[in-house]
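Q: Build the complex from these two chains, which are given one at a time in their own frames, with help from the hints.
Taken in order, these protein sequences are the chains called H and P.
If you number the first sequence the way full-length UniProt numbering does, the last residue is 419 and the count never jumps.
If you number the second sequence the way full-length UniProt numbering does, the last residue is 301 and the count never jumps.
Incorrect hints may have been included.
[Said to hold, decoys possible] Okay, the calculated beta carbon distance ranges per label pair:
id : chain 1 : residue 1 : chain 2 : residue 2 : range
1  : P       : D221      : H       : T46       : 18 to 28 Å
2  : P       : E104      : H       : L151      : 45 to 55 Å
3  : H       : V174      : P       : E104      : 28 to 38 Å
4  : H       : V174      : P       : N220      : 47 to 57 Å
5  : P       : D84       : H       : P84       : 34 to 44 Å
[What the hints assert, rightly or not] Short, incomplete list of chain P residues facing chain H, as computed with Cβ under 7 Å:
id : residue
6  : E13
7  : R21
8  : G54
9  : T190
10 : T277
[Unchecked claim] List time: in silico DSSO-like cross-link candidates among lysine-lysine, alpha-carbon distance up to 30 Å:
id : chain 1 : residue 1 : chain 2 : residue 2
11 : H       : K41       : P       : K241
12 : H       : K221      : P       : K48
13 : P       : K174      : H       : K336
14 : P       : K55       : H       : K280
15 : P       : K199      : H       : K85
16 : P       : K266      : H       : K41
17 : P       : K266      : H       : K33
18 : P       : K199      : H       : K33
19 : P       : K48       : P       : K266
20 : H       : K221      : H       : K85
21 : P       : K242      : H       : K33
22 : H       : K221      : H       : K272
23 : P       : K275      : P       : K199
24 : H       : K33       : P       : K275
25 : P       : K275      : H       : K41
26 : P       : K174      : P       : K55
27 : P       : K199      : H       : K280
28 : P       : K55       : H       : K272
29 : P       : K275      : H       : K50
30 : P       : K94       : P       : K127
31 : H       : K280      : P       : K48
It should be emphasised that the hints constitute simulated quantities derived from the structure, not laboratory data.
All figures in this text were calculated on a predicted structure; none of them were measured in a lab.
We treat Cβ as the ideally placed atom computed from N, Cα and C, and that holds for glycine.
One-letter residues, chain by chain:
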Amino acid sequence: MKIDNNQLLRFTTAGSVDDGKSTLIGRLLFDSKSIFEDQIKAVENTSSKKGYEGIDLALFTDGLRDEREQGITIDVAYRYFTTPKRKFIIADTPGHIQYTRNMVTGASTANAAIILIDARHGVIEQTKRHAFIASLLHIPHVIVCVNKMDLVDYAEETYNQITKAFEEFSSKMVIKDFRVIPISALHGDNVVNRSENMSWYLGATLLHTLETLHISSDINKVDARFPVQTVIRPQRDGFLDYRAYAGRLPSGILRTGDEVTVLPSGFTSSIKSIQGPSGKLEEAVAPMSVAIELSDDIDVGRGDMIARSNNKPEASQDIEVMLCWLDDAAAGPRTKYTIMHTSNEQTAMIKEVIYKIDINTLGRINDDNELRMNDICKVRIRTTKPLMIDSYRENRNTGSIILIDNTTNETVAAGMIVS
Amino acid sequence: MSQYFLNYLDELESEAIYVLREVQAQFQNPVILFSGGKDSIVVSHLAKKAFYPGKIPFAFMHVDTGHNFPETIKFRDDLIESLDARLIVGSVQKAIDDGRVAEEKGKNATRNALQITTLLDAITDNKIDCAIGGGRRDEEKARAKERFFSHRDDFGQWDPRNQRPELWNLFNGKYFEGEHFRVFPISNWTEMDVWNYIKREQIEVPSLYLAHNREVVWRNDSWIPNSEYLILDENEKIETKKVRFRTLGDITITGGIESDADTLEKVVMEVSAMKQTERGNRTDDKRSETAMEDRKKQGYF
Chain H
1 MKIDNNQLLR FTTAGSVDDG KSTLIGRLLF DSKSIFEDQI KAVENTSSKK GYEGIDLALF
61 TDGLRDEREQ GITIDVAYRY FTTPKRKFII ADTPGHIQYT RNMVTGASTA NAAIILIDAR
121 HGVIEQTKRH AFIASLLHIP HVIVCVNKMD LVDYAEETYN QITKAFEEFS SKMVIKDFRV
181 IPISALHGDN VVNRSENMSW YLGATLLHTL ETLHISSDIN KVDARFPVQT VIRPQRDGFL
241 DYRAYAGRLP SGILRTGDEV TVLPSGFTSS IKSIQGPSGK LEEAVAPMSV AIELSDDIDV
301 GRGDMIARSN NKPEASQDIE VMLCWLDDAA AGPRTKYTIM HTSNEQTAMI KEVIYKIDIN
361 TLGRINDDNE LRMNDICKVR IRTTKPLMID SYRENRNTGS IILIDNTTNE TVAAGMIVS
Chain P
1 MSQYFLNYLD ELESEAIYVL REVQAQFQNP VILFSGGKDS IVVSHLAKKA FYPGKIPFAF
61 MHVDTGHNFP ETIKFRDDLI ESLDARLIVG SVQKAIDDGR VAEEKGKNAT RNALQITTLL
121 DAITDNKIDC AIGGGRRDEE KARAKERFFS HRDDFGQWDP RNQRPELWNL FNGKYFEGEH
181 FRVFPISNWT EMDVWNYIKR EQIEVPSLYL AHNREVVWRN DSWIPNSEYL ILDENEKIET
241 KKVRFRTLGD ITITGGIESD ADTLEKVVME VSAMKQTERG NRTDDKRSET AMEDRKKQGY
301 F
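Next comes chain P alone, as it looks inside the complex (with noise of 0.2 Å):
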């Protein structure tokens, strides 16, 4: 090393995996909550390094809502065994067939507000005290209230009033019995800087967030990939268009863009001259100015 600093990467980084670090040391069960999206992904990464040559000292959890796209569970399902994890599946179908929650309904239904019950059951069950998420506070504007370590009540509440200070890098993990924490490892980093590490350290991603032709339908100004969950009015029309992802969710509600940035070199170069947010097309953020706070409140990751 010729320069006694390290570049804001390498910081990024480095704080991430002393985070994750504090995990293991605090924490009797912690899992890896895992979408199958760039910042999970990066999350995982970031823990191979922090625990090397050692093995991820986590389980790995996804809410599945059942309404997947289908490349993101086979990627799940390869970097799970080429990480020789174990992967706990909370079934969001599964909690609608023994009715402890009810689909949505309308044109515009969608399951994220329903993984919160099966992300805080699956957090019950597996008798969970730590979920690391890839949650980055640049995200939506709830998000940048967040701390590294985010204190849950029995409830699995968030209480954005009357949250633990956090100073310098001493991280209070206590809880009691039924309480739980959610830890954002990549809390400071932003989209950019997210892509900019998949690059840097050459990390494979799911192919939907390459530009690809694929069949979508244009609604709530986004292109919303066909599926068998989709249901079309009258006026909708399936064309096939060159799109990407910015951000991968349910298949129902994820927005695609234009795009013919198929390397990750272009993404990049894409995503630095982009003029609208990451979210911005993801349909659960829009229906409210707090959408993601509320949603938060109630034990959302």
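So that you can see chain H by itself, here it is in the shape it has in the complex (with noise of 0.2 Å):
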């Protein structure tokens, strides 16, 4: 297949258990012709023995033994289609009690969420929590999907009460880009199809729309930043002194003669040359994964960042983080964890709670210092040498952190970079 504009969309969905997250994926495949004929074929065996009429769609993206037998989603799951136009990466997250660490996993590096919402039920705390969460991970094009439309006679009303509702509460949030689509998953109501029983909506269909969101912006393009991933130093014929540093461009560009400064040493040197995974390159683009060459011998390893001397990212010890917890242990007082922001890993700890968010109301809790799973707050981390920070807001990479416990080795903390 020729796509069109070439171009590759993540996106990860949110609702909670009974708005029909898989359903609506399902459809999506199914209805955009993504679906094998051996795969139909499995789904309709499963569902004539389980008793149903038609097909259960949801059986398209439920995998796993336990998750087919009982019905639910367990983990993120990803799936993948293509259209004429893109390709598409679904992180298909589950929507039960954990919801919020599986949001956050899902929509790390989404440049989409879909957000269901009950028709029957309209906004609900639950729509408000996947908001918050999608605008706290500043996941770049919200899109709400009134689901079960034909519950309520594919009624207008009841579409512009909740749009309403929406508009209004997520104003307060950093939402920039979101549309409403109505929807009927179960029937296939503007997913790929345009609705004949809701000929008042004259939108654009789910597939349309993901079709045509304009990402080449997502990535930052202006503030150039290059962790060194590993030091290339091939040691034979012909690159006796080759030295080049490997990594992916998490944001801007990068050109040769550019004027660089290697942190957190602060040496400065050019780009001599940059090697891209096809040969030489004038410019290296973000998210190109490329080797560079400096003009001066300097000392770069893994962990440093190279950045332009005229734009640099703040060197700290001390930061102010929105953590997320995601681990069954809670967060012990004075414990020291593993750091990881970009290449660099470093010692943390977590030397204050600053507040907590109460994920029902979006508001403040100030005296409670205890960090449990699913929990969102403010906290102050202080590492053993600088990390090489950004915000958050303005650069998704370096400004992600996630904390590793020494004991397990799991990872038990996602964090974005507030300052």
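A: Right under this line is the structure:
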């Protein structure tokens, strides 16, 4: 298949257990003809064994034995489909009790989030939570799908009320681009095909919206940052003096000849050459993986950051972070964690819980210092050595961190740097 | 470059190279699991790019079931030589001879599940802490749940209920002695992406992927190649057909499809019109609805 604009769009879905997420994804895949005949046959068989009329679209996405038996989604799964316009990656996240942890996992790399609302219930607390997390994670595009319109007689008024309610509370959040689409995932209204039952709706279908979102600006193209992953030194004939720094440009553009500073050492040099995946390049654009040679022989290694001398990140050992706690075990006072920030790994300690967010009211809690699974809070972290940081708002890649428990090796927290 | 965004193949390539470099930076003794199939060939090609002009800093490991297409072994050896790489072979035949595993019985016996023991033995014996594989999430529903960095306990087991969350591009590769990781740099690629990439990069693949005349027998809805390991039923007969293979596994279980696609261009055309999944012709996956999940939990790659 030839793809028109050749772009890759990553999106995630959010909604509570019975909002119909799996059905929506099943519908999207089914109606866009992204499912193979043998998969359809397998789902038809299982559906008839379970005694359903027709096919259970959710079975296209729930792959694990326990999921199929219990009819729930246990862990994030990734789905793929391609239309003549784009290639899509869906992070299909479970909607049950661990929603915060799962949503953060699915949302961290997403260009867009689909938030499902049950048309019968309208904007409920769960919707606000999902919108809040989407805003916290700075997902560039939010698509609100008012689902189950078939159960409210496809009423335009219901749709208008929900749209208005969503607009009202989202104005307090950082959601730059959102749209509302009335759908029925079960019957396929406005998912891939236009709904005949809702002729009053003049907007685009969900698929058309996904195909046409402007995503080229989702990556920060202004602030060039180059975290060094590893050093390439071939030590072989023809390349004896070759020494290049390998990494993936998370933001910005770098060109040969650019004056750069290596952090945290502060040494300056200029870019002598850029080796791209298929040969030498004059310029590298995020998110390319390249290798950079500098004009001067200076000490650079994994964990260092290369940036333009006139636009550098801040180096800091004391950072304020919005933290989402992901682990069963609560955060311990004065515990040391490994912090991963780009390719830089340091030891860190949570010095202070500034406030916790009540995920139901979105208000602040000031007198609770214990961090438990799915909590979101603002904390102050101190690291043993400086990290080269940007705020998450400016830069999703150089503004994010994870914490690792040294006694279990588990990833216990995800953080977005405030300052 | 005239436009300031990457096309999807460049983005996937960039992501895979990033993952391979993380492996090199985070692990002591990683290997590339090499089966001679298109996915592990693409991973090797990406590894070459990730460390160019240096050599690939990983050894290659092949779990040899002993039931190979002869073309696969020749391709493997030629590639290893051209890359000047080190090859580790784990032999299922040796595990059988040593009494570590027992051959399956019956007409549909395969050595697929027997690979698990050999793979885990080879990982332990060679002190491998990370095995890089060409697994893709679009292949199979259990694989759709897989992380880029997939943790395995000291029994080599995958626990789908207890996977590390993977956030942004921050990969946590920390493990305890005896545990290891499986890493899948082309997780986000589909079969179509792999073929488009092979065509774009003009990557050499075994001739088995291109249509050719071959002796085959019709079994389990696909053309199973004739080989010294094939036991024919009374009503089965050997025919010569023009076939090609979409996946390459054991010669005993890999079904071919009738095809005229004898160039990469034609293969790309044919794959884009396919109505069956790629693994639809693998009899090992047809054993039960959760065959892959069950094997993966035991340590299958």
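Q: Tell me, which hint numbers fail for this structure?
A: Of the numbered hints, just 3 does not hold.
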